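From first to last, the protein sequence lines are chains A and B. Per numbering that gives the first Met the number 0, residue 0 is the first one in the first sequence, and the count goes up by one each step. Per numbering that gives the first Met the number 0, residue 0 is the first one in the second sequence, and the count goes up by one each step.
Please note that the accuracy of each hint is not assured.
To be verified - DSSO-like, lysine-lysine: derived pairs with alpha carbons at most 30 Å apart:
| id | chain 1 | residue 1 | chain 2 | residue 2 |
| --- | --- | --- | --- | --- |
| 1 | B | Lys660 | B | Lys561 |
| 2 | B | Lys491 | B | Lys286 |
| 3 | A | Lys19 | B | Lys491 |
| 4 | B | Lys240 | A | Lys5 |
| 5 | B | Lys268 | A | Lys1 |
| 6 | A | Lys14 | B | Lys491 |
| 7 | B | Lys725 | B | Lys620 |
| 8 | B | Lys268 | B | Lys158 |
| 9 | B | Lys491 | A | Lys5 |
| 10 | B | Lys268 | A | Lys14 |
| 11 | B | Lys81 | B | Lys164 |
| 12 | B | Lys286 | A | Lys5 |
| 13 | B | Lys271 | A | Lys19 |
| 14 | A | Lys50 | A | Lys1 |
| 15 | B | Lys268 | A | Lys19 |
| 16 | B | Lys725 | B | Lys460 |
| 17 | A | Lys19 | B | Lys286 |
It is worth saying that the hints were derived from the structure and are not from the lab. Model, not experiment: these values are computed from the prediction.
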Amino acid sequence: MKMIIKMREMSDNQKGVIRKVSASGDMGRRIREMGLVPNTPIQIQGRAPLKDPVAVKIMDFTLTLRNNEAGGILVEVEAPEPQ
Amino acid sequence: MKEKITIALAGNPNSGKSTVFNAITGARQHIANYPGVTVEKKYGNVTHKGYGIEVVDLPGTYSLTAYSLEEIVARDFLVNEKPDLVVDIVDASNLDRNLYLAVQLKELGVPMIIALNMMDVAESRGIIVDHQLLSTLFQVPVVPMVARSKQGIRECLDKVIEVAKNGQEWLPAVISYGNDIDQSLDEIEAIIKRSQAFNTRYPSRWRALKCLEGDRQILDLLKRDPGLGQRIEEVCQATSKHMVDTFDEEPESVIAGHRYGYIAGITRKALKRKVELRLNLSDKIDKVLTNRIIGPLLMIAILYAIYVFTFSASEAPIQVLEVFFEFLKDIVSSIIPAGNLRSLIVSGIIDGVGGVLGFVPLIMFMFLAIAIMEDSGYMARVAYMLDRVLRWFGLHGNSVMALIVSGGISGGCAVPGVMATRTLRDPRERITTLLVVPFMNCGAKLPVYAMLIGAFFSKDKARIMFLLTLFSWGFALLAAKIIRSTVLRGPKTPFVMELPPYRMPTLKGLLIHTWERTWYYIRKAGTVILGLSIILWAMMTFPGLSKEQERFFENERIRATKSLLTSPKVKEWIPDGESLMELNGLYDSYTRASSKEEAEVLTGLEDSPLLPLIKTAFLLKKGEELEKEIQSDDLEAAARYLLFRDEMTGLGDRERQAALKRTIAGWIGQRLETVTRPLGFDYRVNIALVGGFAAKEVVVSTLGTAYSIGEVDPERSSSLSQRLRKDPSWNPLKAFTLIIFTMLYVPCFVTLISIRKESSWGWAGFSIGFNLVAAFLVALIIRHAGMALGLGTS
Numbered sequence: 000m001k002m003i004i005k006m007r008e009m010s011d012n013q014k015g016v017i018r019k020v021s022a023s024g025d026m027g028r029r030i031r032e033m034g035l036v037p038n039t040p041i042q043i044q045g046r047a048p049l050k051d052p053v054a055v056k057i058m059d060f061t062l063t064l065r066n067n068e069a070g071g072i073l074v075e076v077e078a079p080e081p082q
Numbered sequence: 000m001k002e003k004i005t006i007a008l009a010g011n012p013n014s015g016k017s018t019v020f021n022a023i024t025g026a027r028q029h030i031a032n033y034p035g036v037t038v039e040k041k042y043g044n045v046t047h048k049g050y051g052i053e054v055v056d057l058p059g060t061y062s063l064t065a066y067s068l069e070e071i072v073a074r075d076f077l078v079n080e081k082p083d084l085v086v087d088i089v090d091a092s093n094l095d096r097n098l099y100l101a102v103q104l105k106e107l108g109v110p111m112i113i114a115l116n117m118m119d120v121a122e123s124r125g126i127i128v129d130h131q132l133l134s135t136l137f138q139v140p141v142v143p144m145v146a147r148s149k150q151g152i153r154e155c156l157d158k159v160i161e162v163a164k165n166g167q168e169w170l171p172a173v174i175s176y177g178n179d180i181d182q183s184l185d186e187i188e189a190i191i192k193r194s195q196a197f198n199t200r201y202p203s204r205w206r207a208l209k210c211l212e213g214d215r216q217i218l219d220l221l222k223r224d225p226g227l228g229q230r231i232e233e234v235c236q237a238t239s240k241h242m243v244d245t246f247d248e249e250p251e252s253v254i255a256g257h258r259y260g261y262i263a264g265i266t267r268k269a270l271k272r273k274v275e276l277r278l279n280l281s282d283k284i285d286k287v288l289t290n291r292i293i294g295p296l297l298m299i300a301i302l303y304a305i306y307v308f309t310f311s312a313s314e315a316p317i318q319v320l321e322v323f324f325e326f327l328k329d330i331v332s333s334i335i336p337a338g339n340l341r342s343l344i345v346s347g348i349i350d351g352v353g354g355v356l357g358f359v360p361l362i363m364f365m366f367l368a369i370a371i372m373e374d375s376g377y378m379a380r381v382a383y384m385l386d387r388v389l390r391w392f393g394l395h396g397n398s399v400m401a402l403i404v405s406g407g408i409s410g411g412c413a414v415p416g417v418m419a420t421r422t423l424r425d426p427r428e429r430i431t432t433l434l435v436v437p438f439m440n441c442g443a444k445l446p447v448y449a450m451l452i453g454a455f456f457s458k459d460k461a462r463i464m465f466l467l468t469l470f471s472w473g474f475a476l477l478a479a480k481i482i483r484s485t486v487l488r489g490p491k492t493p494f495v496m497e498l499p500p501y502r503m504p505t506l507k508g509l510l511i512h513t514w515e516r517t518w519y520y521i522r523k524a525g526t527v528i529l530g531l532s533i534i535l536w537a538m539m540t541f542p543g544l545s546k547e548q549e550r551f552f553e554n555e556r557i558r559a560t561k562s563l564l565t566s567p568k569v570k571e572w573i574p575d576g577e578s579l580m581e582l583n584g585l586y587d588s589y590t591r592a593s594s595k596e597e598a599e600v601l602t603g604l605e606d607s608p609l610l611p612l613i614k615t616a617f618l619l620k621k622g623e624e625l626e627k628e629i630q631s632d633d634l635e636a637a638a639r640y641l642l643f644r645d646e647m648t649g650l651g652d653r654e655r656q657a658a659l660k661r662t663i664a665g666w667i668g669q670r671l672e673t674v675t676r677p678l679g680f681d682y683r684v685n686i687a688l689v690g691g692f693a694a695k696e697v698v699v700s701t702l703g704t705a706y707s708i709g710e711v712d713p714e715r716s717s718s719l720s721q722r723l724r725k726d727p728s729w730n731p732l733k734a735f736t737l738i739i740f741t742m743l744y745v746p747c748f749v750t751l752i753s754i755r756k757e758s759s760w761g762w763a764g765f766s767i768g769f770n771l772v773a774a775f776l777v778a779l780i781i782r783h784a785g786m787a788l789g790l791g792t793s
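With the rest of the complex left out, here is chain B (with noise of 0.2 Å):
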C-alpha cells in the first residue's frame, strides 16, 4: 500500500475533464509542457483520507490511436509513467461514443474507474443510466457524478483510494472482433511474444491490434526488427485482402464496428431513453445560432463585441500599469544621473519589463473571452460556419479569432493573437495562423499610419485606414495560401468535429482557465524579452557621439550661452551662468503647469525677481498679446532668451541625431540604404524600422530623432507630420509605401516571442525572413506601379 497514488484523468473532449480537475485539485495546479510538443500537461495534488494523490490531467481525446499528438501524449504517458489507476471521464448523456474510449483503456489494460458524469444532463434529456449495471457489464467500477456542483467528487476519490490500495496488476481485457480478426491478432500476439527485442511495456495483444488498425507509431516500433517487423506486416496485409475480398471492409473499419458493437450490446441494457432521439435545448439554440442567414450576421455582432470587450476592458488597467512604469521611470531617473546608466534602467529595462506587462491586461481579457467561447460551446460553430471561406486559404474554421484579436479589426495585438492559436489543433494551420497574425494591423502600427496619413492624405484618413484593414486581411489570407501550397503543403485536415452542447461556462473554470495561460505568458515571455529590450537599446545607443563630436557640441553651447550673457539687456536679469540654469529651471515650470494661477504658487516662483521676465518669454512664445507695461529693453530680453532656448533645443536634437546615425543601428541602417534604395527609404527610415522591431509605434519616435525634431510623442506627431511634407524628398508614394513596409516587415519581439513559444525558434526566424521579404516585394510592387502611374513626384 502506497501513501502516494498518482491518478490520471481521460476523456473526451467536452466531457467535463477539466470541471472534474478543477473540482478535485482546486486552485492547487500546474502546468507544463509534455516534453518536445506544446502540448499542455496539467496536474495537481489533493489529499484524500491522509492519501496524497498527484492528479494529471491528460489531454481531451476520442480514442487512443495515433491520430493525434494528444492522442499520442495521452498514451505514452499511461504506458511509460504507468499511473496507479486512470479515471476515465464519461459523459452520461452521450454514452456510446464516450465509452469508445473507456473501450480502448480497458484493452490497454491500464487500472480504471469511470467517472460517469452529466448525470444531470442525461436526465434532463430523459436518459437514465443505470451505473450499478454498467459497472457489473463493463466489470470497470463507476461512479456517478455531476462535475459542476462537486456531486460525486468525494465518492470518486474515495474510490481511487480503494482500488489503489488493493494494487492492482494491468489486466489487458480481450474483445473478439471476429473470427478473421482474432486468428490474425493470435498470430501476431504470438510473433511479438516470442520476440525478446521489445520492451514489454506495451501489452503485446494492444499491439497486435495496434498494427492491424495501421498505427504508424506502434508499426514503425516493431520495424525495428527488420525480420519481424516483415513478418507482422505480411500478416496484416493478408488479413486487409481477405477482409476486403470477403466483407468489402479494411481490417480496422471492421474493429470499430465490433468496437460499437460491444458498447451497444452494453449500453442497451444499462441505459433506457424515456423519449426517442429529439431536439435538445442545444440544437434548437443551435437553429438560431447556425443559421444560414441570422448565423454569420450574429457572428459577427458577437466577435465584434468581444474585440470591443477585450479591448475597452483591458484599457484601465493597462493605463495603470503605463502611469506606474512612468512614475518608476521618474523616481530612477531622479535617484540616477543622466547617463548610460540611467538610459540602460530606463530605456532598456524599464521600458522592456513594462512593454510585457503592459500586455498583460490585454492577454488576460482576451484569454477570458476564449474561455467563454470554449468553454460555451460557440467556438465550435464559429469554426463550422467559417470552415468553408477559411479552408480554401489553408487555414481552419478556428483561425477567425487569432486574427481578428491580432487586429483583424484595427487595433488589436498580435500577441494575444499568436496565443489565441492554441484553440487549432493541426500543427499545420495552426503554424500557419501564427505566422500570418503579424500581418494585421495591431494597435501599435496605428501611430505610424496616424503621422504619415497626417501628412499626406488628411483629406482621405477614413477611406485610407479601410482600405489598409481590406489589405492587411487580404494580405494575411494570401501569404496563408502561399505558406500552406509551399512550406507547409499538407493535407486539409479533416473537418470531422463534435459540435458540443451549449453550456453556461463556470466563474471557477473561466478564472482558471485566464489565469494559468497569462502566468504562463509572464513568467515565460518576461525574461527573454527582458534581454532582447537591452539588445536593442544597446543598438539604439553605441557607440554614440565620437570625442570630436561630443567636443563639437559642447563648445557650440558654450557659444551660445556666452553670447547671451553678453547681451546687455540679458546682462540685468541674469548675470552669470548659475542665475540661467535657475532661470531655465523656473521657465520649465511655469510653462509645464497647466495654467497661469497654478504656474505663480509654485514655490520658489511667485517671489522669484525672475517672474516678469518668465511671463513676458511665455506669451512672446505663445504669440498672445503682451501686457502694455513692459519695456522694451525686457521685451528684448526675453526674445533673447527666447532665441536662446530654440538654438539649445535645436543643438540638442542635432546632437541626438548625430548620436543615433553613430550607433549600431544607425550603421546597420546606413548598410541597409543599398538594399532599401528601391524602396525610396534612406537611412533615417531604416533606422527607424530598425527601432520599430521593438514596438512599432518606435518608429515615429526614432523618425522624429533622425529628422532631428526632438523626440516625438506617438500621440501627437503633427509636428513630423509636418516636416515630412515640407521635405522634398518625401511624397504620398513614399509614405504609403512605408505604410505598408511597415504593415507587413517584422513581428515585434513581443510577438515573435509569443511566435517562439507557440512553435520554435526556427518558424520564428522563418517569421522574420518571410515577412522582410514579403514586405520587400510588396513595398516594391507598389512604389514602382505608383511611379509607373505618375504618382510620387510630390
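In isolation and in its complexed conformation, chain A is listed as follows (with noise of 0.2 Å):
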C-alpha cells in the first residue's frame, strides 16, 4: 500500500518518492533547484539534535532544510503493514 504524506511527518531512515513541491517564491525555486522535484526519490537522513532541521539523501548527495520548509513537499511512502 502507498500513501502520501508530508515530508515532515516522515520519519528517520524512511524511503519515499517526492509527488508534489508546493512552495513558492525564492524558497520554492531554491528547493527545486536542489533537486527536490516531483518523481524523485528521497530518504530521511536524520534531524539535527532539535529535531529541525531536517537532513534528506536526494540524488547522490545530502540537503538540509528546516521543517517549516519541508511542510510543503508531499511524499509517496510505503505505508505501515497493518498489524
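Starting from two chains that each stand alone, build the complex the way the hints lay out.
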C-alpha cells in the first residue's frame, strides 16, 4: 500500500518518492534547484539535535532543510503494515 | 585566433572548483571584489602551449537565477565580460544536481566544456560515468578529472585551447518544457526580439525563460520599456494561471521539473551504478558527528579545540612581533629627542601599525582553522546542528564561529570574528552577526575587567568572570534579535543547504585560502588604521599644557632640585646638577637590573664613587635590612634622595594628568560629563573610554594617567586597583557599571575598519551609534537597579 504524507511527517531513514512541491517564491525556486522535484526518490537521513532541520538524502547528496520548509513537500511512501 | 584566452570557472559549491582553480593557477592568483558587492572575485594567469590564459573563478552557485548575490554576479560576468569559454566543474559523484547548472549555461549559450571532476570519488561509490557518451548526449566537450591529484588538468587546458581556437559563437540551446511553456516562451521571445530597446547581450529566449521563472532582475530590466514589460507580464500571468488550473503547478516548478527530467534522460544512459543508493563513508561519519547526543558534545569540544589552537598557536608569533615593535620604539627613542616628533612616531605610528600587524598571526590561524572546517565539510554540520537555536535570534547556524572567535570564550578577538562572518551567505544575517560580535569579551577587555575586579571583587573573581561571559552571550544574542526585528527585519533565509561529503583538506588549498585572506587584511586595513591611529594620538596629545602650566612644573622641578642640592648631607655626594643627573642615570640602571650582582658589573657603576649611596637608597626603598657600617649621614642623604625622586615622579604624573585634561580627548571627556553623570562616570573615566576606542586595554593605562599615578602597565595594574579602592567616589557598583559599559560601548577601531571592509561605512557608523546607546542604557539600568537595591554606597 502506498500513501502520501508530508515530508516533515516522515521518520528517520524512511524512503519515499516526491510527488508534489508546493512552495513558491525564492524558497520554492531554491528547493527545486536543489533537486526536490516530483518523481525524485528521497530518504530521510536524520534530524538535528533539536529535531529541526531535517537531513534528506536525495540523488547522490545530502540536503538539509527546516521542518516548515519541508512542509509543502508531499512524498509517497509505503504505508506501514497493518498489525 | 587569439593569443590571449579568458576562461571562467563555474560550478556548484563543493564541486572542487577552488581545487581546480588552484591546480591551474598555482600561486599566481589575485583576489578582489566584484564591483559594488562583497563577493570575492578570484582570478589568475597561466601559460599553456604558448597561450596566455586568464582564469576567473566565478562564485560557486547551484543555478543561474537571481536567488543570491553570487548567482547574479556569476551570470552578469558571463553576459557582460563574455569570456571565451566557461569551464563548468561538475562533480561526477553527484552528477544530476551538478548538471542543473550545466543545462542553464547551455541555455545561456556560452561556449563551454565540462570538467568532470572527482571521478575517483564516484568510482569509490560504485558510480561509473561514461564521459564520452555524456559528451555526445549533452553536446558539450567533457574532460574527466581528479583535481586533487592534478589528473586531467593538462587535458582540460588542451581542450580549452582547442575550443577557443575555433572561436565558437554563443549558441543558446533550446530545451523543451512541454507544449504550454514552449508556446509562451515563443510568444515572449517574439515580443523581446521585436523591441529595439534592449541590448542584445542576453539571448532573447533565455530572457523569456527567466521571465516565466519570475526572475526579478530580468523582469525589472524589461519593465524599462513600459508597454513591452506589461505585455510580457500579461503573457506570464496567463501562462501561470493556465498551468495552475490545468496541472496545479507554477510555471517555474514545471520548468525545474523538465530540466531535471532532461538531465535524468542523459544520466540514465551515461551513468551506471554498480550498487544502489547506500550509506557511504560520509553518511556513516555523520551518524556520529551529527548524532543527537554525541553530536553537540563533540561540536563543543571541536569548537573549543579550534579556539585553543588559534590563540595558543598565535601567542609566540604575536610576542615576537611585540618584541620587535618594542625594539623599534627603543631605537626611535634613542635617535629622536623627546618631544612631539618622537611621540608621534612611537605612540602614533609604531603603536598604530603594530596594533594592526599584531593581529596578523591571530587572523592567520583563525582563517586556517576556518579553512579546515570549511574544506573538510564540518562547518555545514555546525550550522545544521545550531540552526534551530540561532534561528530564533535571527542568526544563522554559521554565526556561531564568529561569536566564539570574537570572545565567546573569554579572550578572543573581534577582528578575526568580523572576518569570519564571510562564511554567511545571507547579507542580513551576515551584517547582524558582524554587528553583534563586538559585544563578546575579547582579550583586550580582560585587563580592564581584571583591574576593576581586582579592586572591588577580588574574592569573587571566577564567579564575576563567568557572569560576564554569560552576560556578553546573552547581550549579543538579544541585540541580534533586536536588530533582526528592526533595522534588518526580513524573512529568515531558507536553510536549504547541502551537507557536502567529508573530505580531507589539501595542504595547498588551506595555505592558499589562509594566505590570501590574511594578505587582504594587511593591505586594506593597514592604511586606514595608520591614519586613524595618528588622529587618535593627536587627540590625546594636543594642545597639551598651557605656557603657565609648563612654567609652573618647570619651576617646581627647579625648586625640588635646589632643595635637594642645598641639603648639606647630600652635597657631599652630589655637589651639582650634573652629578645629580649622573646619579639618576646610575640609580635607574641599578634598579632596572634584575639582580644586584648583575647591577654592579654594569659599566660605570662598578667603580663609581656613588655606588654606596645608590645601594643604600635602593635597600631603603625596598625596606630591606641595611648594612651595619652605613653612617647615619649617608642614610640621611639616601633618604633625601628618595624623597626627591618621589617628588619628581609625582610632578611628572601631575604634569601628564594636567596635560591629558587639556587635550582634545580631555575636552571631550569633560564635555561628556553631562551625558555620563547618570552613569556615575567623571571626566577621567570618559577620557579613558575615549582612549579605549583605539584598543580596549588603553582604558587601563589612560585611567592611570588620569588618576596621576603614572603610566600603568595593563598587565600589572594593581597600583591602579588600590588607588581606585581607596577613592571615595568609587564603589563596586560603579566598577561593575564601568565593566559592562566597556564590554558594550564601541568596537575598537581595528574592528570598526574590519566591519566597514565587510559591509560599509554606513554599518560601521551604525555599529558605533547602536553600541553606544546600548551600552548607555544597559549601564544606566545596572546603576539604578543597583542603587535601588542599596548597593553602590561604598
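Structure-based check of each hint:
For the suggested pair Lys660/B and Lys561/B, the alpha carbons sit about 29 Å apart, so the restraint of at most 30 Å is met. Between Lys491/B and Lys286/B, the direct Cα distance comes to roughly 28 Å. Compliance with the 30 Å bound is thereby established for this hinted pair. This hinted pair checks out: Lys19/A and Lys491/B have alpha carbons roughly 23 Å apart, not beyond 30 Å. Straight-line distance between C-alpha atoms of Lys240/B and Lys5/A comes to about 25 Å, which keeps the hinted pair within the 30 Å bound.
Taking the CA atoms of Lys268/B and Lys1/A, the gap is about 29 Å. The hint holds against a cut of 30 Å. Taking the CA atoms of Lys14/A and Lys491/B, the gap is near 29 Å; set against the 30 Å cutoff, the hint holds. Taken as a hint, the Lys725/B and Lys620/B pair is honoured in the structure, with Cα atoms around 23 Å apart against an allowance of 30 Å. Of the pairs offered as hints, the one joining Lys268/B and Lys158/B holds, with about 24 Å between alpha carbons and a cut-off of 30 Å not exceeded.
For the given pair, Lys491/B sits about 22 Å from Lys5/A by alpha-carbon distance, which is consistent with the 30 Å threshold. Taking the CA atoms of Lys268/B and Lys14/A, the gap is near 24 Å; set against the 30 Å cutoff, the hint holds. The straight-line distance between the Cα atoms of Lys81/B and Lys164/B is roughly 16 Å, inside the 30 Å bound, and the hint therefore holds. Simply put, Lys286/B and Lys5/A have alpha-carbon atoms about 24 Å apart, close enough for the 30 Å limit, and the pair holds.
Proximity of Lys271/B to Lys19/A is assessed by CA-CA distance (about 27 Å); at most 30 Å being required, the pair is judged to hold. Straight-line distance between C-alpha atoms of Lys50/A and Lys1/A comes to about 26 Å, which keeps the hinted pair within the 30 Å bound. Proposed proximity of Lys268/B and Lys19/A is supported: the alpha carbons are some 26 Å apart, at most 30 Å. The straight-line distance between the Cα atoms of Lys725/B and Lys460/B is roughly 19 Å, inside the 30 Å bound, and the hint therefore holds.
For the suggested pair Lys19/A and Lys286/B, the alpha carbons sit about 29 Å apart, so the restraint of at most 30 Å is met.
In terms of the numbered hints stated before, the structure departs from none.
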